[in-house]
Each structure stands twice: as structure tokens, then as C-alpha cells.
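Undergrad: These protein sequence lines are chains A and B, in that order.
Numbered according to my numbering, the first sequence spans residues 559 to 992.
Numbered according to my numbering, the second sequence spans residues 29 to 882.
In short, the hints are calculated from the structure, not lab data.
Here a beta-carbon is modelled for each residue, glycine too, at the ideal position from N, C-alpha and C.
Accuracy of the hints is not assured; some may be wrong.
As the list claims (entries may be wrong) - Per the computed footprint, the stretches of chain B lying under chain A, defined by three or more beta-carbons under 8 Å from a beta-carbon of chain A, are:
#, region
1, 60-70
2, 120-133
3, 560-574
4, 650-663
5, 858-870
Unchecked claim - With a straight-line cut-off of 25 Å between C-alpha atoms, the simulated DSS-like cross-links for lysine-lysine are:
#, chain 1, residue 1, chain 2, residue 2
6, B, 724, B, 420
7, A, 813, A, 714
8, B, 478, A, 632
9, B, 473, A, 632
10, A, 714, B, 724
11, B, 666, B, 620
12, A, 744, B, 724
13, B, 473, B, 492
14, A, 813, A, 869
15, A, 714, B, 620
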Amino acid sequence: MLALAGLCQQVAARDSPLAPKQPHFVPRAKRVIFLCMRGGPSQMESFDYKPQLNADNLRPGRNSGSRLFGSQWKFSQHGESGTWVSELFPHLARQVDRLCVINSLHTDNNNHPQALEQLHTGSFQFVRPSIGSWVLYGLGTENNSLPGFVSLCPLKDLGGSRYYASAFLPAACQATSIGDSNQNIKQATIGNLTNPRLTSASQRRQLDLLQSLNRHLVDDQAGDPQLEGVIESFELAFRMQNKLPQTMDLSGETKETLAAYGIDQGPTDAFGRQCLLARRFAEAGVRFIEITDRDWDHHGFVSRLMPQAAKRIDQPIAAMLSDLADRGMLDDTLIVWGGEFGRTPDDPTQDGRGHNHKGYTMWLAGGGVQGGLTWGSTDEHGYEAVENKVHLHDLHATILHALGLDHNRLTYRHAGRDFRLTDVHGRVVNELFA
Amino acid sequence: MGTRKLSNLPGLLALAFSAVTWQQAADAMDSAEAIAFFESKIRPVLVRHCYECHSADAATTGELGGGLQLDTREGIRRGGASGAAVVPEQPGPSLLLAALRHEQGLKMPPDDDPLPAAVVADFEKWIASGAADPRDGKPVAVGVDFAQARQFWSLQPVTSPELPAVDDVTWPRRDLDCFVLARLASEALQPVNNASRPVLLRRLFFDLIGLPPTLDDVQRLGVAPIENVVDELLASPHFGERWGRHWLDIARFAESNGRARNMAWHHAWRYRDWVIDALNFDLPYDEFLTQQIAGDLLPFNDREQHDRQVVATGFLALGPKSLEETKRELFRMDVIDEQIDVICRGILGISASCARCHDHKFDPVPTSDYYALAGILRSTDTLYGIGPMGIKGVNDAPLAVMGPDAEQLAGPAAEHLAAVQNKTQERNTARSDRYRVVRNVADRKRQLDKPGIDKPALEAEIAKMEAEIADWDDRIKTLDVELAELVDNPPPQPLFAMGARDARQPEDCRIRIRGEPENYGDAVPRGVLRMIAISNLPGISTGESGRLQLAQWLSSPGNPLTARVFVNRVWLHLFGRGLVATPDDFGVTGAKPSHPQLLDHLASRFMQSDWSIKQLIRDIVLSRTYQLASTPSPDGLKRDPDNVLLWRMPVRQIEVEPFRDALLAVSGLLDRQRPEGSVIQQIGVFSDYEFNFRIKLTPEMVRSKHRSIYLPIVRGSLPEMLQLFDFADPNALIGQRDQATVPSQALFLLNSPTMIEFATVTANRLLAEEQLDDAGRLDLLYQLALARKPTDDERASVLSFLKSTDSSRDQVLDAAATAESANSDSEALGHSHREAWVSVCQAVVASSEFRNLK
């Protein structure tokens with residue numbers, strides 16, 4: 559009976575689109591944690607130090623009716639690398655030698671929904687698979703009781719569901735979404751994960767009856783692999799009922815850990831929980847984990863909103879980086895931080911910033927990237943990337959590269975042609991790797 | 029004049045200056061020296077970095093990029109799709125140089141850093157000095173050779189093959205069986221036996237009407253001649269609901285535009301109902317297509333016929349659209365691209381979309397043909413309506429107006445709409461004006477604490493601004509009231525539909541180089557793809573879009589693809605696998621037919637029987653091949669596990685709609701009537717349906733007891749069951765749905781309130797049969813759900829499950845409470861017995877057998 563069950567699993571595994579696959583070459587990272595900052599965080603208030611902008615404060619800006627608007631916060635250099643960080647991110651500043659800051663990102667669209675779609679799928683024009691789906695499609699999953707692509711607090715507005723969808727890739731590659739960006743992950747429930755009617759023991763008995771019916775058809779069909787797959791999927795679902803709540807249950811974490819992440823400490827609670835859950839999902843073998851903070855679109859009140867936003871994420875992310883490092887997992891976990899674009903250096907009201915897709919900042923950590931590196935730069939005011947420009951397609955190619963995947967070879971045949979995450983674009987930024 | 033001269037001055041100066049430098053360079057190099065320079069500095073770079081994709085070799089192997097051949101003098105000077113690569117003595121317009129410098133959106137070599145600056149400088153010097161080039165010879169002709177292309181199997185005319193001879197003349201029931209048997213015989217493979225009557229009955233019911241047979245059906249039809257069963261099912265109004273849904277997968281039917289501003293399409297359902305009616309009416313397929321492409325242009329006898337034909341053109345309007353796209357040209361070309369895709373892949377099995385940017389790599393679709401088609405669609409107004417919440421959108425479009433009073437009502441309705449939009453804009457402008465003052469007040473207040481500030485003056489300013497805000501508040505309140513007044517008192521509305529009409533000024537479309545919407549090439553006369561030549565196709569006159577000609581071309585019996593692609597789709601739905609395994613790709617990259625003669629037999633018969641879809645389906649389901657059992661033979665499994673040769677009927681999983689419909693039917697909840705319209709109409713046209721334009725479906729909207737084809741189809745927000753069980757993503761044309769097996773499906777089957785409700789209602793239905801004992805109830809459940817009796821083993825295991833559940837009362841989470849509140853032991857026992865039946869019912873409808881057809 560045991561042998562038979564093992565065999566079923568193998569059959570299912572062979573036919574499943576999620577069976578583990580070999581990457582194209584030796585990978586640096588095995589998994590990704592993507593920290594999605596919806597709204598477009600300001601580079602001038604975080605990692606792109608612009609002394610000239612401050613010097614030219616109130617001079618006319620490039621955008622009509624605007625004046626240049628320097629940052630209100632002090633920047634200083636940190637770590638052995640001397641990476642510049644604004645005073646709004648004191649915790650991350652202490653870990654700056656782990657960060658690979660890219661100050662020269664640029665993308666193709668400056669509307670939130672389209673830019674977010676391109677951030678996730680590479681395209682703002684067409685419905686394409688999410689990067690998480692591509693990664694799962696390319697590498698499969700190694701855990702057998704959890705999904706391979708998890709999105710915590712996903713964006714639901716403005717067509718958000720497409721950011722995590724598999725489009726033409728096998729449906730099994732789509733994200734399992736938990737919660738939504740309008741609520742604390744603490745309140746999230748996962749659909750159909752618990753049976754409202756039966757105790758676990760009696761559900762097991764019902765499942766045995768159901769599986770005997772399923773087995774009847776499999777026998778009639780001489781072991782049809784698709785039907786065997788159904789039997790296995792029921793067993794996996796049954797395991798998930800235990801495993802997923804277990805993974806989401808933070809009660810086993812120490813008081814120190816919870817405190818380090820800022821959990822139950824006001825503003826850091828929501829994102830702290832997401833960061834800790836990201837670590838737990840990473841440990842449990844989930845391939846691609848995305849977590850979300852939604853409030854970075856500061857057209858006004860930068861002086862108030864920016865410190866709030868920084869406060870929400872600074873300590874939790876720093877805690878996650880140390881925690882992963884302490885557990886020996888930072889080396890093979892690629893962390894990606896950033897939003898759909900950045901902000902303009904000028905503004906008509908002097909307390910807000912517009913959308914800027916021509917030059918902005920994202921950072922990477924872990925996963926074999928060079929900590930302490932600051933790559934590329936914008937012009938003296940921060941309007942546009944000018945040196946060592948990294949297009950969003952290049953970033954996508956680079957993320958795949960870290961996972962041992964060649965963005966030119968990770969293709970899927972659909973509608974008569976081979977599709978890629980990077981379409982016909984993308985260049986791996988090799989310089990970012992240690 | 030003066031101004032123009034002045035503004036050109038810097039350019040002229042630059043030109044004069046550059047000309048001097050080039051002249052100097054040219055002077056410095058005599059011809060032999062120039063050739064030597066080419067040989068040492070230029071040719072090696074071209075060979076090393078460019079020839080792989082830009083040479084005669086590349087052209088011959090089909091690897092040529094951008095139509096550009098750099099390995100002859102003529103080739104390099106003529107250039108490719110984007111223009112001349114080298115213009116002697118003029119580095120400026122020489123695109124090769126721009127590409128090497130990664131300028132003007134060009135980037136060569138691709139995926140690399142630019143070549144060293146010194147190399148680029150060499151190229152500039154070489155071009156400036158006259159681009160001396162000893163390489164004689166002509167570039168290879170790369171135009172599409174259509175005569176050659178038409179040799180491809182799918183582009184050859186459809187034939188009516190002779191029936192092959194078969195040894196066992198008693199086996200074939202229909203002509204098509206001869207092709208199958210002959211092929212099996214040639215591979216020495218035996219077909220399996222016929223399916224049993226219960227299996228066949230269940231198969232026919234699901235395949236033709238998407239519902240399980242009722243007890244009454246089984247009684248009436250259990251022994252009736254199979255022709256009668258088939259004819260009854262083909263005549264059922266549920267036939268159109270089943271087969272219409274197959275077409276809606278192709279038509280990427282949805283009731284919202286699906287992008288960021290996901291607006292409700294209140295009238296899309298008319299197209300859905302039109303498709304269902306067309307299939308029930310057995311509208312010939314050529315007519316079915318013609319109406320969808322050009323229904324608005326067809327003659328009609330009365331208003332109703334006209335309106336129906338207009339609704340059919342909804343086919344062109346239903347694609348996903350980025351209504352928030354502010355680049356008008358990009359938006360227009362994207363809409364056209366989507367229309368070309370659905371027409372070419374859906375009807376012809378050819379993907380033409382690649383040709384938007386470059387000549388199709390594999391199939392004979394040059395870019396010029398793509399833009400010929402694009403011209404037809406550019407000369408067509410796509411009627412999809414306006415955005416939500418009364419907000420004027422850059423890409424607003426009208427809707428088609430219909431109904432007996434359309435002419436009288438259309439004008440006032442349009443005026444009202446414009447008034448609402450204007451008032452909305454006025455109100456929204458007032459809101460942002462107010463917000464600007466609010467921001468300024470905040471700004472001023474921050475300055476109050478700063479040293480050296482004239483505090484009283486600032487405070488006065490703040491007070492003034494706050495008064496201004498109060499004024500705005502009043503103004504906004506008034507505007508809100510006026511707006512509500514307008515919205516609540518619309519004039520009588522005509523009926524609306526999504527659709528298409530000819531543009532006022534039809535125009536040819538200019539090629540967009542590399543597909544960039546504002547990078548213009550030559551205009552191409554409106555027309556169809558030249559890969560399929562139809563004789564006597566009338567020309568397109570200046571005043572018309574050309575959609576009639578397009579429809580005629582698509583539905584012509586001389587079109588080799590239309591019938592083949594459609595009969596293959598029908599075959600796919602009846603056998604789980606097409607004779608061509610890639611139903612949307614009949615091109616070079618697609619699969620070859622497993623039974624080419626059978627495919628042509630079906631296609632030619634289809635056209636001969638006046639493109640009757642019902643006749644085609646009837647012919648297939650009455651065949652021996654369709655009626656084979658699914659139980660495999662060891663030999664068949666070993667030699668042809670994928671059943672390509674059709675030695676059996678494979679087990680097929682039913683799609684989510686018949687699955688859900690069957691759950692409704694078995695539990696007795698199903699409402700077989702067609703609902704009026706769509707629940708999407710409950711979403712107000714002008715109302716704030718949710719912050720951020722997200723359409724919110726209430727649970728009531730998706731709890732419908734009607735058939736699943738009538739569920740609301742909002743892009744990105746599908747009803748849970750559809751989402752989980754591989755419904756065709758309405759963002760794209762889907763010829764063959766996925767069949768994923770994922771744990772989220774199993775979780776739904778085990779735990780969802782939906783499944784538990786179905787199981788509970790079913791259990792109540794069984795328990796209400798008081799004259800039956802548990803064994804009798806089980807027989808009834810099996811009959812309803814699986815159209816068969818349980819085996820002895822199954823009966824024994826279910827009865828023992830029921831018994832053991834009865835004896836252990838702590839099975840159910842609330843059992844203890846129920847037992848306590850029960851008046852007697854027998855009541856408690858009754859409750860637990862009921863719960864046990866719920867578990868049994870759920871297990872049966874969650875089982876593979878329920879979700880599969882044998």
C-alpha cells in the first residue's frame with residue numbers, strides 16, 4: 559500500500575507542471591522574496607542621494623509650473639561600503655552592506671496600473687504571466703504540501719489579479735493569494751482550507767470513501783495518469799489543510815523574533831507579519847513569495863507620508879534580512895525591493911512628487927548579488943537614469959539569471975510563438991553578482 | 029519665412045561643419061586605401077557580429093532579422109524594414125551607425141553592450157568617406173513566395189477523398205468510420221468494443237447539451253434507437269447553451285473590458301444570447317461568421333433582423349482593452365491587433381499578430397498583409413461604450429442603438445450621456461481645485477512655526493484660503509445634487525448592443541515599422557491575407573471598410589482553412605483531442621493532422637451540407653468511432669497511449685460549466701430557463717461601483733441556479749468555481765482549455781460551502797424518498813449522478829460507511845450540540861444519519877467519475 563502510494567506520487571509528479579526542474583545553469587538563488595512597494599517610492603528620500611537637488615531647491619523644475627524640491631531628510635554613508643541611505647531607514651542603513659542598490663532603473667509607463675503590470679509581467683500592453691509564474695514554470699516546486707508561488711496581501715484594485723496570474727502558462731503556476739492589500743495579513747483567511755462540517759478524523763473517512771470511488775475509475779482506465787493525479791491532489795489538499803495554517807501560525811516564534819520584526823508594535827505590525835511569513839514560506843520551500851505595502855504614492859504631504867511609509871517597512875525588512883542570514887538562507891534567497899516607478903525631483907506644491915518612470919531605485923539582497931554595491935545613477939537632480947541604466951526588462955532577466963534561468967531560453971509556446979518574460983528585450987546585469 | 033530660416037540655422041551650421049569633416053576624410057583616403065580600410069576594419073566586424081542574422085545565409089535559413097542583409101554592397105545600402113542601413117557619405121541617416129550607437133531605438137548587436145567606441149568610430153569614418161565596398165552580388169529575394177507557401181497542407185484546397193476500402197464492412201456505421209478503421213488496420217490495431225448504453229447515454233447528454241440525463245430521460249431513451257436520442261438532444265434548447273459556450277471561448281466573450289479600469293459591459297450578454305440562438309437555430313457556419321464580421325452591413329427584412337445582425341458584430345468589440353491608455357494611436361492599433369488575432373486564429377487557425385512588427389517568421393504573412401487587414405478594421409468603428417462613473421475617457425466609444433424606437437431615442441439618450449459626463453467633469457474639477465487649496469493650507473501652516481515669518485499675514489492668508497475651501501464645499505455639494513438629479517432622470521433609452529459599424533471615412537492603414545504605433549511606413553491598400561487567394565472576391569471601394577469582403581473571403585468554400593479549422597474544433601470537443609492537435613494553429617508551427625483524409629472528408633461534407641453544424645455533429649456522434657467504449661485494451665495503451673489512432677473513446681474530464689450544471693441538476697436546484705439578460709446589468713452605468721473602478725460581484729450575483737453559461741463573466745474577477753476549474757481565460761482566445769489538477773480544486777471539492785450545500789440538498793432529496801431504504805437511496809444517487817447502478821462492492825462500502833457514521837456521533841463538528849438539543853436519541857441518530865448521507869453525496873459528486881465521461 560505504501561509502495562503504491564509512492565508510485566502514485568511519482569506518476570503525478572512526472573505529469574505535473576510543477577514537478578521540480580533543472581535550471582539552465584548553476585543557480586545562485588533557489589527562491590525569491592519580492593517586496594512590492596505599490597505607488598512608487600521616492601528615490602530622493604531613500605537611496606539616491608542628490609546633493610545638487612538640495613542645492614537647487616526651489617529653482618524651476620522641468621515639469622511645467624514646478625520647482626525643484628530637495629529632500630527634507632539627511633543622507634549619510636553607512637557600512638563598509640559607504641552606501642548612501644536617508645535617515646528615514648535607520649535599520650536598513652545598518653545592513654547596507656547586504657544591499658545591492660540600483661539607482662538607474664527605468665521602465666516604459668508612468669501610470670500605476672500599467673507600470674505595476676509591467677513590473678509583474680514585463681508587459682503593460684498585453685495579458686502576460688507573472689514573473690512568479692514564470693519562475694515556478696521554470697523551476698517547479700520542491701515542497702509537496704504548499705503552493706509554489708504565494709502572494710501575501712496582493713493588490714486587488716485596478717486589475718490587480720493579473721499581476722499574480724499565470725495567463726497562458728499552466729494554471730497551476732498562478733499565485734495562491736492570501737489576504738489583500740487593504741487588510742492586515744492577520745485577518746486573512748484562505749478559501750476552503752478548513753472544512754466547516756467535519757472533524758479531521760471523519761473527513762479522513764469521507765476522503766477514503768471518495769478515494770475508493772476514484773480508484774474504481776483508475777482501475778477501469780488501467781492506471782490513467784491524469785486520474786492518478788486527481789487522487790494525489792486530494793491527498794496534497796488534505797496535507798495542505800494542516801501545513802498551510804501551520805506555516806501561517808506565528809505562535810511558535812519567540813518573543814524576541816516577533817519584537818525584532820516589529821510585530822504587535824503599531825506601525826510595523828502589518829508589514830512585520832508579512833516579512834516573517836515570507837521567511838517561513840521560504841523555509842517551507844515556496845519558490846516565489848511576494849509581499850506588499852501599498853501606500854507609496856505621495857503626490858502630497860511627503861513630509862508626513864514618507865516617514866510613515868519608511869517606518870512601516872524599515873525595521874521589518876531589516877529583521878528579515880538578519881533572520882535569513884542567521885539561518886543560512888540569505889545566500890540562496892534573492893530579495894527584491896521596489897515599486898512600479900519612482901518620483902520626480904520637482905513639484906508645484908513643494909510637498910509632493912509626481913510619477914517618474916525614467917529613473918528610480920530598487921535594491922536586491924541575498925541570492926548571490928554583491929552586497930554594498932551601488933549601481934548606476936540618475937542625473938544630478940534625479941529626473942532620469944543616465945549611467946549604467948537598468949531597464950525593468952534587464953532586472954527581470956537578472957532575477958531569472960540569479961535563479962539559474964536564461965531569460966532567452968525560458969520560453970512558452972502559445973498562439974504560435976515562443977513567449978518570454980522579457981519579450982525580445984532584457985540584458986542580464988552581470989556586474990550585480992558577487 | 030524669417031522665423032523658419034532662423035530655427036533651421038543651427039541645423040545648417042552643423043551640416044556645413046560635418047560636411048567639411050567628411051570631405052576631409054574622403055580626401056585623405058584614395059580608393060585602394062578605402063577598400064583596405066573596409067577589409068581591415070569593417071568587414072571583420074560585420075562577419076563576426078552581424079552576418080548570423082543579416083546575410084544571404086540567414087535569409088535562406090529563415091533566420092533573417094528585419095529583412096536586412098549586410099553581406100553585399102547592394103544589401104547594406106538598400107537596408108531592411110526600417111530603411112537604408114548605410115547611406116554613403118552620410119553617417120546621420122545611416123541606420124547601421126544608429127544601431128551600433130544604440131540610438132533611435134535601435135540596438136545592435138542585440139542583448140549586448142555597444143561595440144567598442146573605436147569600432148563605432150571606424151564605421152562612421154568609413155561611411156563618411158563614401159562607404160567603399162567591394163562586395164558585389166545581390167541580396168537574396170526574401171519576399172514571400174505565395175505559390176510555394178500554398179503547397180503547405182492546410183493551404184491546399186479541401187478535397188473529398190474517396191472512402192478507403194475496409195476489410196470488416198460491418199464495422200463502419202458512417203462514412204467517417206471507414207477512414208478511422210482503415211488507418212487502424214494499417215497499423216494493425218484493434219478498436220475496442222462499443223460503449224454500453226448507460227455510458228453512451230451519459231456521454232451524449234453531456235456532449236450535446238451539457239447536462240446529465242434525468243431519471244425520466246433514462247426511462248424514455250434507455251432503449252430508444254440512438255438516432256432518436258441524438259435528434260432529440262440536437263433539438264433541445266440546451267444544445268445552444270452547450271455549443272454556444274464552446275464558441276464563446278473562441279470569441280473571448282466577457283462582460284467587462286478587463287484592464288485597469290475594468291468597466292462593466294452591460295450589453296455584452298446580447299452577443300452571448302445571439303450565439304446560443306444561432307446554434308439552436310442551426311445558422312449555417314458561413315452565415316454565422318459573416319454576421320459576426322459584417323452583420324451591420326448585411327441586407328435585412330425588418331428591424332429585428334437588422335438588430336440581430338448588429339448584435340452579432342459584438343464579436344469584434346468584445347476583446348480586452350486598455351481604456352486607460354492615453355496614447356490614442358497605441359490604443360487603436362492594440363484594438364485592431366486583438367481583432368486580427370481573434371479573426372485569424374479563431375477562424376483560420378493562423379497567427380498573424382507577429383506580422384504587426386515583422387514579416388511572420390514561419391507562415392506566409394508579410395507585414396504588408398497584416399496592415400492590409402488592419403486597414404479594414406481601422407475603417408471600422410468598434411462600439412464598446414464608455415467608462416464607468418460618468419467619467420469622460422480618452423477612449424470612449426458609442427454603442428450600437430437598437431429596438432423599434434432607436435432613431436427617436438438615440439439622440440436624447442446621447443445628449444443625456446454627454447450632460448452627465450460634463451457635469452461629472454465639472455464636479456471632479458471642483459474637487460481637485462478644492463484639494464489644491466487644502467494642500468496649500470497645509471503648506472502654509474507648516475511655515476507658521478518658522479522663525480522670521482510674518483505670522484499675522486500668514487494667518488490671514490490661511491483664513492482666506494479656508495474660506496475658499498468652504499466655498500468649494502458648497503459648490504461641490506450643489507454639483508453633486510445636480511449630477512444626481514441628471515443621473516436619476518434619464519430620458520427613455522433605446523436598446524444598446526456592442527458591435528461595429530463602418531467608419532465615416534474609411535482609410536488604408538500605413539505600415540508601422542517594428543509595430544511602433546507612430547513609426548510610419550507606406551500605406552497598404554485594404555485587403556485580405558494573400559496566402560489564401562479566393563477568385564471573384566469583389567474589390568473594396570473607397571467608401572467602405574472592406575468587412576463584407578473580409579467576411580466573404582473567410583466564409584468562402586474556396587477558403588481551405590475555415591471549414592478544416594471548424595470541423596477540427598468540433599472533433600476536439602467530442603473526442604478530447606483534435607485531428608489537428610493544435611486547434612488554433614494550422615500553420616507551419618502547428619501539428620500535422622493525424623487523419624488528413626478524414627479531416628477533408630468532414631470539411632467537404634460540412635460545406636456540402638450547407639455548413640450545418642448540427643448535421644456535422646450528428647454525423648460524428650452516430651459514428652462507430654464516437655460510440656466506442658473507453659475501457660482501454662492493453663495493446664492499444666502500449667502502442668498508442670494518446671489514442672491518436674482512435675482505437676477507443678478516451679475518458680474526458682467535463683468542463684466547469686457542465687460540472688456545475690450537473691451539480692445543480694443532481695441536487696434538483698437547476699433552473700433550466702434562460703435568465704433575462706445578465707446580472708451585470710445590476711451594476712449602475714454611472715454609479716461608483718467601487719473605488720478604483722473595480723466591479724464588485726455580490727455573492728447573490730454568482731449564486732444563480734441558472735446554467736453556468738449565464739454566470740457573469742468579469743475579466744479578472746471570475747466566479748470562484750470557474751476560476752478554479754480551468755474556465756477559458758476571457759482575455760484570450762482559447763481553442764482548448766487547460767486541464768490542470770491542482771490541490772485548490774480538491775480543497776474546493778472537500779471544503780467549500782458550495783459543495784457542502786449541493787451535497788446537503790442532494791441528501792435531503794434522497795432522504796425525502798421515505799419508501800426507499802439506504803440501498804435504494806444509493807441506487808437513486810448513482811442513477812442521478814453517474815447514470816448507472818452501484819456495483820456490489822460500492823454498495824457494501826457505502827452502506828458500511830453510513831453504518832459506522834451512525835454509530836459514532838462525534839463525527840460532525842456541531843454534533844454534540846445537536847445531540848444535546850435533540851429531544852430523543854432517535855432524533856440525534858436521525859441527524860447524524862443525515863450528515864452521513866451528506867458526506868456520501870459529496871463524495872459521489874466530488875469523485876472523478878462524476879467529473880469525467882467514460
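Undergrad: Confirm or reject each hint.
TA: So, going through the hints one by one against the coordinates:
Figure legend: the region 60-70 of chain B, annotated as covered by chain A; annotation inconsistent (0 residues with Cβ-Cβ distances under 8 Å, at least 3 required). Evaluation of the coverage hint for the region 120-133 of chain B: breached, as 0 residues show C-beta separations to chain A shorter than 8 Å, against a requirement of three. Counting residues of the region 560-574 of chain B whose beta-carbon sits less than 8 Å from any beta-carbon of chain A gives 0, not enough to reach three: the coverage restraint is violated. Proximity of the region 650-663 of chain B to chain A, defined as three or more residues with a beta carbon under 8 Å from a beta carbon of that chain, is established by the 4 residues found.
Counting residues of the region 858-870 of chain B whose C-beta lies closer than 8 Å to any C-beta of chain A gives 5; at least three are required, and the coverage claim holds. For the suggested pair residue 724(B) and residue 420(B), the alpha carbons sit about 21 Å apart, so the restraint of at most 25 Å is met. A threshold of 25 Å between alpha carbons decides the hint, and for residue 813(A) with residue 714(A) the separation of about 32 Å lies outside it, so the pair is violated. Restraint check for residue 478(B) and residue 632(A): the C-alpha separation of about 19 Å stays at or below 25 Å, so the hint holds.
A hinted pair counts as satisfied when its Cα atoms are at most 25 Å apart, and residue 473(B) with residue 632(A) qualifies at roughly 23 Å. Between residue 714(A) and residue 724(B) the alpha-carbon distance is near 11 Å, which keeps this suggested pair within the 25 Å criterion. A threshold of 25 Å between alpha carbons decides the hint, and for residue 666(B) with residue 620(B) the separation of about 22 Å falls inside it, so the pair holds. About 23 Å separates the Cα atoms of residue 744(A) and residue 724(B), which keeps this hinted pair within 25 Å; it holds.
A threshold of 25 Å between alpha carbons decides the hint, and for residue 473(B) with residue 492(B) the separation of about 13 Å falls inside it, so the pair holds. The hinted pair formed by residue 813(A) and residue 869(A) meets the criterion: a straight-line CA distance of about 21 Å does not exceed 25 Å. A distance of roughly 42 Å separates the Cα atoms of residue 714(A) and residue 620(B); the hinted pair therefore is violated under the 25 Å criterion.
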